[in-house]
Amino acid sequence: MRIAVAYQDGQIGEHFGHAEMFAVYEYENADVNRCTKRLIETRDLHGHQAMADLMHRENVDAVIAGNMGGEAKAALLSLGIVPIAGYMGNADDAADLLILGNLPILQGESPCAGSGCSGCSGCAGGDCDCTSCSC
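Here the working numbering is used: the first residue of the sequence shown is 775, the next is one more, and so on.
Possibly wrong hints are sitting among the right ones.
Estimated spans, in silico, between C-beta atoms of each pair [claimed, not checked]:
(1) Glu802 x Glu845: 28 to 36 Å
(2) Asn876 x Asp818: 33 to 41 Å
(3) Leu851 x Glu788: 16 to 24 Å
(4) Gly843 x Arg808: 28 to 36 Å
(5) Arg808 x Gly844: 31 to 39 Å
(6) Leu853 x Arg812: 13 to 21 Å
Keep in mind that the hints were calculated from the coordinates and are not lab data. Glycine included, C-beta positions come from ideal geometry on N, C-alpha and C.
Please model the entire structure based on the sequences and the hints provided.
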């Protein structure tokens with residue numbers, strides 16, 4: 775599985791469409807101990823579609839960014855790539871959490887939206903702002 779993360783100084787970049795760099799993580803057999811990371815500069819790309827096309831060429835399965843607009847999400851989804859937004863923090867940790875199934879999907883960000891999925895898991899059952907889908 776390949777995960778791209780908008781990347782800035784080791785942290786999750788603030789916005790998909792304005793990212794100057796992405797880290798692409800390739801996990802062998804979904805094993806966090808068997809992962810390679812490659813940085814891709816994107817300063818010369820302009821527009822959501824150009825970024826989405828790059829993710830497609832890189833065979834990315836999911837993209838994590840701090841923020842992502844509706845057009846960017848739609849462009850990624852049209853290429854079979856899952857958009858994940860609303861996170862801050864260490865990029866390496868976020869990619870590992872996603873591959874392990876421990877990165878909660880935030881309300882309104884679920885790739886399963888409208889499918890009837892609900893509930894909150896991965897938040898120790900406490901009061902949280904996430905849903906987890908198994909669709």
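Right, here's what the structure says about each hint:
Under the hint 28 to 36 Å, the C-beta atoms of Glu802 and Glu845, about 33 Å apart, fit the expected range. Checked against the hint of 33 to 41 Å, the C-beta distance between Asn876 and Asp818 comes to roughly 34 Å, which is consistent with it. Separated by about 21 Å at the C-beta atoms, Leu851 and Glu788 satisfy the suggested range of 16 to 24 Å. Hint check: Gly843 to Arg808, Cβ distance near 34 Å, so the stated range 28 to 36 Å holds.
At roughly 35 Å, the beta-carbon separation of Arg808 and Gly844 lies within the given 31 to 39 Å, and the hint holds. For Leu853 paired with Arg812, a C-beta distance near 19 Å keeps the hint of 13 to 21 Å intact.
Every hint, counting from the list given before, is met by this structure.
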